Amino acid sequence: VRSNENGDTGGRVRQTPPQRRELALRLGHGTLSLVPQVRRLAKSFLGTSAGSPCLEAVALRAVIGTIVWSGLTLPSLCEALSGLRLHQLEFDNGVLVLTRSGFPTQRFHLDPRSLVLWGWVLLLRAQEPDWKEVDPPVLPARWRDPRRLRAGVEKIIATAGSRSWTVFNSAVQQLLACDGVPPFVIWRRSGQLFVTPEPTVGSSGVPVPTVNCVAENGRKPANRLAIATSASASPSWRPPVKQILRGLRRPGSRHFRRRMAADLETLFHDVRWVQEAGIIGQLYCRWVIVLLRSQLRQNSIRAYTARVGRILDAAVVSDPIMASDSPADVIACVRRGVELYHTHESRRSALRALRLFFVFAAENGYPHNRMVTWHRIARTIGGAARAEPLLSSAEIRAAATALGRIEPEGVALAAAAVLAGCGGLRRAELCCLTLADVQPVSNWTIRIRRSKTKAGARQVPLGTLAPSWALDILETYHAFRATLATTSKTWLVMGSGAALDPDVIGGRIARMLRAVTGKPAGFHSLRRACATWWLVCWISIDRGWESHPDLPADGPFAAGVRAVLGNDPSIALWSLARLLGHVTPIVTVERYVLALDWIEAHVFAGEGRITSRMAAEMLAVTERQARNLVEFHKGSATVDALLTAQRRRLRFLAGDDDTSRRSRVRPISQCTASAVPERRSGPC
Amino acid sequence: MALATTSELIRSALRNYRTQTGVSGSTAASYAARLRVVLGEQRHRIRPGSRSATRRASHPTAARVLAAIRQREDIGVSATRTRSRLHLPNAPPDAAREGEGAIDWVPAQFWTRSPAHARRAQWRKQHATMSRLAFQHDSRTAQLADYASAHSRLFSRAPRAITGDQRISTLIEGLAVVYGMTPSTLTTLTQGSGPRDDSDLVIDFREGRLWIRLPRVGYNNDTLSQACAEASRSGSDWASVPLVPYLRDVARLLHTQQEPAIMRSFAEVTRKIERRRLARLARSLPGWLTRCGLPGVLASLLTGDFDYTPYLATSAYINVSEQHVRMAHVSAFRCFEAQIAAECRRRAWTFASVLGPGMAPSLSGNRHFGSRIVPLTGRLQQAIQALETRRREARLGGSLTALARAWNLTAVYTWFRLSWAAALRPCRDPVVRRGDVEPETGWIFVRDKDSPFSRESRLVPLALRDAQLLERFAHDGDRVRVRLRAMTRTAMDQLADDAVFFLVVDGRARSLSAQLVRLVLQQEGLGDLFPWPLNAPRHYWLTRALELEMPIDQIEPFIGHSHEPLPWGSLSLVSLKRLSETMRRLGTILLREAGFRAE
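The listed protein sequences correspond, in order, to chains E and G.
So that you can map any letter, position 506 of the first sequence is 568 in the numbering used here, and since no number is skipped, the others follow by simple counting.
So that you can map any letter, position 503 of the second sequence is 508 in the numbering used here, and since no number is skipped, the others follow by simple counting.
Source of the hints: derived by calculation from the structure; they are not laboratory data.
Predicted model only: the values in this text are computed from it and were never measured.
Incorrect hints may appear among the rest.
Derived DEER-like restraints, expressed as beta-carbon distance ranges [claimed, not checked]:
{"hint": "1", "chain 1": "E", "residue 1": "209", "chain 2": "G", "residue 2": "510", "range": "49 to 59 Å"}
{"hint": "2", "chain 1": "G", "residue 1": "339", "chain 2": "E", "residue 2": "531", "range": "29 to 39 Å"}
{"hint": "3", "chain 1": "E", "residue 1": "216", "chain 2": "G", "residue 2": "344", "range": "27 to 37 Å"}
{"hint": "4", "chain 1": "E", "residue 1": "629", "chain 2": "G", "residue 2": "29", "range": "57 to 67 Å"}
{"hint": "5", "chain 1": "E", "residue 1": "357", "chain 2": "G", "residue 2": "355", "range": "24 to 34 Å"}
Ideal Cβ positions, reconstructed from N, Cα and C, are used throughout, including at glycine.
Extracted from the complex, chain G is given alone in its bound form (with noise of 0.2 Å):
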């Protein structure tokens, strides 16, 4: 067959090339392309200055926390749009997974020897930063008189009074102004009795409840025993809330009714809505309400949508009661509205409450939801007291075999005393060290997250009195090492001088572990009473400092969920001694109802 074209013969030459060595699609698509530059028709004309074709795509990453600002960003007042230029990598999925940014995982590359390329890239990271909390006087936040406007406009009627689209309209826009939920997750909304597979948020029309999937919930139903859920507090990975009595009533209305195909109605109205608006109303309502006392994690979960959010990792770890979101949230709404009826009556706009004239707390339905492993009280305290009644003093002058029973087990409990003390991460937080504890005040370095990038550490706080035990352990430890060393052929080559925890086990000296902790407790009996996961504790910590409403706020970054700008961050005015008084408080009670006796 005879090639017509300078094209065919390159095409033609380049498919033998391919066969006989095998090389890739996109190298022999290069090799094309620079032999029709020397074998072509010379109409190719090289431009240095042009814009290389082999000019790296931006990250992917990037576009997100862009789109993530832009999301955020009003359209009409502020246009950082174009400038706007992040560069940053993903998060490792473990940081991921506990809902940490890219933005909270600066690598290296932030930290450029440049002096002016680091301010730069300092500059840019703080201005992301601004821009992920949102406050109050933020261009892009909704004020007081749009709150106003929307209520005056949607409530001002009589559910009843409304008719067809306009009720489907006053649910879906009710939605947003009330719970914060975007247009975009809006979009997802679907009709059903109960949690659906194909979706992640449910709306009940007869029972006006509200179903919302929670992105991750501790461990999933496989990966749990029995035992552990027997143990444990009932949890689901389904969130409920009943909605508030005007959005209630709306709801049945539309139920009872029996409009046809309610939601593709729905679906055709949140089309025409004004999206922009609405959308400035949902994003700004959870800070509002934040302020206004709701806890930010479920000022979070109420929205429905967990992207790009601080509190994805304590929504993980919580347990809580529907009863118990709704009136936090009733709270916090309530004083919200009296800041919106002033603004009405200024504006002489009218206003009616959606909350209603009371509303008085129901038990029924009062399910639990969230995280599966939050250990039932009356069970730990059981399984605390027979891991105290089983220790016993370690002599170092007994057999060696004694010595390393007793040593493991006063280990364990101490180990098991401090993750109660301080919620610390069983695995991810290295063991302690020695240099790493501050007996006369009470606090303790952490090292968290052996990351590929870098670490991050924080500093946490301690009771005194634990602080002081931990010291202790500490030099009895020394002592431990000395008769192993001394007098015994145990093999110590795997225990790093300055680690504060050890086992010992099989004739060799380890760092306390995981694995190593279960197989002391295996070996003593005690392995059925413990049947939760060692991170329990810090489901335990989160869970009841919102049911006893400690400042969540203040307790996260001590637990490693930590945001910018942290506490002790640079730009930070917080007084860590005044910042630790709930962690301790928090510590010292949640140690009592534990079981745990005070050493």
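Excised from the complex, chain E in its bound form (with noise of 0.2 Å):
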């Protein structure tokens, strides 16, 4: 008997095989039909209704259309929605921030018309009395419970012919991937990917903090157990390590980190000392140590002795959980001395720098490091996502123009800020430069054999891809090292023919990035601002968008961008992971593409347009006021016109748009009782 694939033969059902391919669409077989349904229900939500729908209703409403026209099918989504808060839901950008437990937190740029939904719910909203509340929540009260929200959600969807959420999802996904959606945005969103968000950027156009995201600026929200471990609560036995550790900022050689390792081995002369000290303080002390005799980079060391210091400093790891013989204890220290950090990178970073002193303590007779499941805690590690700032290309050619004009050296530091900014290159490799790698004639290929993984290894084509006045800095630059009398065969040299060192490098173009820019950033940013506009040139070319803001003519050279990254978008990410020198796109696009909210932007423009009964209904006025917030043309409104007038209107009923107060309608709440659209009460 033939079987079916969905049902059963012989009472053993069949389960269906995995895709052999990792693929962002969830191809759930049979749902392809429910596409049509979907669309349907989600267009009927824009359509005009019987009545008007309660707000438990309009929120039910903006949650489904937030998933069918954003596609946002992430894992425990009503869960992180039902405890919307207001300041997430940054509705002037457009931008929904979604905090879920143990994931970082993601920004989602959402599509017009499901965002029209959720102005729909602020203006109803903005009527109940909690709403003045300090960051009141987005959703009625009754969805507040995620299993309600939830179990509210599958009622409706059931209406469309999807069976199970699993199912909802998998339709979602096909619905987008045949509306067009790149397939990497609908992974994303389907909570496969986590990018580094940018910063949220204001009316003025500087960097504004928002609470899940260390702010710019230096500015961090408080962290109560971080405010703990400041350097008054250190135990005694730190200060003296502490003392000889500060080396480290500095640039030193070997030799320098040898003679901190023998200072710290005399501290275990003092009998005091290793009293204070204990069993954690030792093995601490003779960790750094090893470290400090290894091969490993001084930066690395850096960061490895301080994230385990503070956990030390907090006291969270200590003698009694050395001596402890419980797993579940020495689990739960671990996961304290993590939280120890606010964003998700920080957490991850301490996790290593832990589980690295873990190991140095197994082999030295405590074998905590096998208690723990250090995947899962590194699964679960949560955290909020760190903001990278974005440097644009006009920003990147002032700081490469002021370091010229540094004497002796900036000639050289200027053509690093360039190969950094206009190549990608990182700081360690560009000061590994020969000069056969650097080929003026070959159109300025540089070749890169020394990198920081074997995938570093590389040949980027700079004439093709930098602006002229990039190339102009490299060409004067290699004039100068021309004229230079040394037999050195490294490219990038200071006046004394002497190589210039990566932290050296580092340090001082990342001083001239923070005066020119006045944004926290580091010579990294360079790399990362690269990436950047090199995916964007790219994008805006292949979809034909305008091109973006921040990328005047300073920017890189479009078609030659297009020319290196290729025409095929199946392999564009493939191609640019490729020329930043990394081993796969996923750290590319997690780490490097800082403007995904403007590509987000534009791939969701979903265009619609509404009725003026329906507009009156989402503005909360009478049908009549309505005509006087928004322009119709032949009884309907665009999406994009209903949301600039929500926007007036919920910054008029907060009281703080002077035009909007100016306006001859009135708040809703002095509206007299017939000119207020009724309500409909009870059960949705």
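Assemble the dimeric complex from its two separately framed chains, guided by the hints.
What follows is the structure in structure tokens.
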């Protein structure tokens, strides 16, 4: 008997095997035919309905609209949305900031059609008494329980033929794919990729801090645990160690680090220090000695010792823990230690350092390393996402020009900034370039042979990619280099002929970047900016979008970027990753694409028209008043026009918009009972 | 006979034991080793930390994948050789025959449940994929300066000005930098005036022509009927291409001078050439030519080596002419040569074109090669017209026999039309199910390759008209089912509820299959008009796509010849809506060409 794919044969359920390849789309069979129904369901939300829907019903529409139009199919969506606060819905920017337990905070640009539904929710919520609270919840009280919210959504999607949440998500993904949304975006919105958020930009163009992202300009939100670990709270054995390790902040040779290790060893001759340090202090000190004598880079040693040192200062890992046999205690202690840090990246780094420390402890008779499920902790590490500053091309140019004016090695520093900002080179890579690696004759093709990883070996056709001002700086340096009387084969040298040190370059260029841009940028920000602008250039040409506002003529040579990255959109990200020397494109998109809001805003730019009656509902005013707020054409208005009106009205209700205050439309609380649209009460 | 040593005693005892019990040799050897430890001179020492003797050898495919990556590696600049550990099993034979490698066929072990291992495995896989993509800026790709150097050195002198071994060396290196033949391929080159059984790559010095054996041509001669051969384009499993003028002149000079034992000199010269540099140039050439507009399948074909290439499947489907291949190559190579000339100018190196002043297309020797089951358009139109004429409305009120015959013919016609509209596989793509059609925007969901490991699915675009026709057909099928269930004794037990295509044969409703389609055609007297195997539409599609100069790379994934990274893969920026336009356009053209009426 031929078995049915979905059914069973002889009582045995046949499991559908997983996809052979890693696909962005959840290609579940039998869900493609649901796509028209899902599309119709979502469309009905913007159509005129009989009577005014209540706030609860509108909220459900907003949630479903967010799934269908904005493609948010990530796990625990209901949990995240049920606890949504006002600050997380950046209505003016059209961005939803989602926080889920165990995952880093992520920003998602919303489709205008779903955003207009959220605007409707906000306008209705603005009439409720609890709206006056600081940072109130967005959803009405009924949907603040994730289970109830999910049940409510499932009830509605069942009318569109979706038997389960999974089937619905699958249909939504296929709908988006059929509508031309790039699979990469679908994949990210299904919660498979965590991208570094770009800073929120305020109306004045200046980055403003968000609650869940570490703010720029060095300001961080309060972290109670972190405050408890100030220097005064350090155990008494720590200050001598800190004093010795202070030297790690300065660039030093291997000999210098060995001397530090010898200094640390002298501490063990001090009986009082040994008593105060206990097991944990001695282990830490011995571990640091091993690190100082290892081949690791100074920056890595400094990061490892600082991370673990901070955890020890907070007394999270202590002697009783090292004496404990309980895996639960050890795991809890590791988790506590990691949670001392605020951002996802810092937590991962702390976990890595702590693991190295535990491995060292295991070699010295404290086998706690095996008690800890490191991978499980890493998976549920959570934390806020760190916003990285995005340098514009003009800023990179300004910084390079300013560097060029510094004597005597300014030209070399400017060339380094150009190689990083226009060629995407790491600082260690550009310090290892030899004269043979840089070929001005061959269109400035830079051959990178020594890199951070093996995958870093590559060839960057800088002449094709870089703008003319950048090539001018390189030409200037090359001419300067030719005049130097040195036997060194290194390309990037100072006036004396000595090779530049990566740490020195990093520090000096970072200082200049901060001075010129006013952003908390580091040397690596140049590489990130370079990757971002390459992708923005490529995608603008591929999709025919208007150019990014921060990408004027100073930016990369667009046609060159297109030629180098290729015409095939299936492999553009792979090509970009190869050009940056990454092993996998995942790293590229997670850490180097800082203009995702801009890309997604173009991808999710759904259009639609809304009738005057529905527009009035969505503005929570009468139809007559709506005509004053929105421009209608043949009885309907565009979604964008309605969004603008909603934003104006929300500002008016918040009482901070003088222009709205002067408008004739009264706030809804002042309308007469007959003017206010009648809201249906009772169950939805 | 007295046994002198313990070893002899053990050996003797085990020989007897083996004779009595019949245990295998390996078991006896294992026992012997253990007994030597226990009864021997006690000189064996068991060290727990030592490497186990029973440790599994590395998987052969792992070595093959690694070798493929290494082959593409430039030893000077990359050294991943000690770190690459790709333990991938073989692809199933069906997929392997279509050119899919182990990397394309990632089994369950790559989808490990441990997230840490999954991430590591994913990174390895992506590293291997990136390695295979061989980007222009990859450290293993030869750059324009390398080609400029080679061109300046090889082709700056007239063929008559070079002599002796230099002439042979120019020809060999010329084949590498003009056609992308690697040194390992060139070592298999033999001399002849046409195809030879003992070789895959033959050079005809007199004619100045290369003969390249294709790895597979759809079906072999034995399984194809005479009727099919008459109704199809002529095909061959030997591709041929005339050499570019410069190399042709060199080859003719070698031929006219009757140099003794040219091929022996060939082998000697090949040994003397610096293989690594030449391999780098040859390996990178298909990528450069593809970027200059040569279809990937033709670029791979000209290298004479189809191992580990994503174009193997497509190469088995196409039927092209010698002239077509030559002109496509010359057009792309001229574009590439312009870049090389610019590089030579920048470096003040001499440059001479290998293509000559003008290569006018000549119609002589325009033989077709490749697939043998690409239907002749006239015969195809005749067959489709006959099928459309015979088609009639299935009346629910009539007799069961009449209903069954009319319905069967409608089902076969609709299925044929779908095959020609979307180039579905007749056997490996299972029958279309009810929930797998999106009639509003024209998509169909195809469940592909019923493999033991996993399943590969894909979305295939359909012209809107055909999607709606399919939807209508599904509704008609529902009505026929109701009629069969309610008013006849037709057995429905072998028919899945959600199968769209079904036939009624011998009082039993069955899902449509290739055999049943043949049966229905025979019953209707149309069997002779359709002599082609049922996957002929796929061959026709790819062949015509090449001839119409459609971007074949955009069509291949929808056909099912997909390789990492996929257009719908997680790191793709493709708009499927835009990508599908080519497929829909081609589908519409081919349906019209095949003679299907607009419904």
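Going through the hints against the structure:
1. Restraint check, residue 209/E to residue 510/G: a C-beta distance of roughly 52 Å satisfies the suggested window 49 to 59 Å.
2. As the Cβ distance of residue 339/G to residue 531/E is approximately 35 Å, the hint placing it in 29 to 39 Å holds.
3. For residue 216/E and residue 344/G, the hinted distance range of 27 to 37 Å is not satisfied, since their beta carbons lie about 59 Å from each other.
4. With their beta carbons about 59 Å apart, residue 629/E and residue 29/G fall inside the hinted range of 57 to 67 Å.
5. Taken as a hint, the range 24 to 34 Å is violated for the pair residue 357/E and residue 355/G, whose Cβ atoms sit roughly 49 Å apart.
Violated hints, in rising order: 3 and 5; the structure is consistent with all others.
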